[in-house]
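> Sequence:
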Amino acid sequence: MNGTILVADDSMVVRAVLRRQLEADGHTVIEAVDGEEAITACREYCPDVVLLDVEMPVLDGHATLERLKADPDLKDIPVVFLTGRVDTADVVTGLRLGAHDYLRKPFEANELMARVSAALRTKELQDELRRRNAELDRVSRIDMLTNIYNRRHLDEHLRRAISGARRHGRTVGVLLVDIDHFKDVNDQYGHLAGDAVLKEVAARLQGAMRTEDALGRWGGEEFIAVLTDTPGESIGVLAERMRQAIASTPFVLADGTRIRVTVSIGHTAGTEDAEVLVHRSDDALYVAKEAGRNQVAAA
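Counting in this note's numbering, the sequence shown runs from 1 upward without gaps.
Don't take every hint at face value.
As the list claims (entries may be wrong) - Calculated cross-link-like contacts (lysine to aspartate or glutamate; reagent style EDC-like; alpha-carbon spacing at most 20 Å):
| id | residue 1 | residue 2 |
| --- | --- | --- |
| 1 | Lys-105 | Glu-55 |
| 2 | Lys-75 | Asp-87 |
| 3 | Lys-123 | Glu-55 |
| 4 | Lys-183 | Glu-222 |
| 5 | Lys-289 | Glu-272 |
| 6 | Lys-123 | Asp-101 |
| 7 | Lys-123 | Asp-73 |
Simulated from the structure, these hints should not be mistaken for laboratory data.
With these hints in hand, go ahead and build the complete structure from the sequences.
Encoded structure:
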């Protein structure tokens, strides 16, 4: 397993020896002469492993490690300390600060490679864990059928948007979108067709919105859109564009059947609590449905 290794040591001789041995083993090597250079190099190159001398000018190894561990982007890089000291307390200090391992000078090439390989395996496992956690977080926020945000995420997003709008003297727009007569689609064409309609409605609504706004499935055949920094009149324009995106073109089912689908939309804007804005949008949605459906209403 090869990787990018940062060697931070104020001794040119030590750096040269490490470079030769590491490159012979297939690794890419970056050098730094002190702790400050090491931190800068980590930010620029994001190495897989850092070999860090304990005793360096400007910023010693322990202080450098503390800085690395305090940086969210750098804290997971495994650090192997290089030291000529024999004091066990010094080793313990480094390990408590978060060092992955220690390598005493002078060191054998085989020992160096073994410790670097172990650090690389640790980095690989950390990266995989980070990827899986990120995917789990993404999945927890996504509606698996429509591939847009779920209610949990949109509720959190709406609350954050309201908080930000209050701080900056702006408003938040909330749109509730309901598919008209969706039960009839399920009853007449089956639930697979209903699922296909839900997915297509989500895609069309998303396509009608700005990239900075958020769309989610609120439940069943109902969707919610949260708009930030949007004037009230523009919210109405967007709501009408979303309605037309659904109504203007028939939906084509898997068997080729073409059906007409429409939505009703209720919208409002403000900085009241999330429950208030959603309730007001729901009242407007009721007005749109009472007006004959395939309508937009504001509250």
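> Okay, which hints does this one fail, numbers in order?
2, 3, 5
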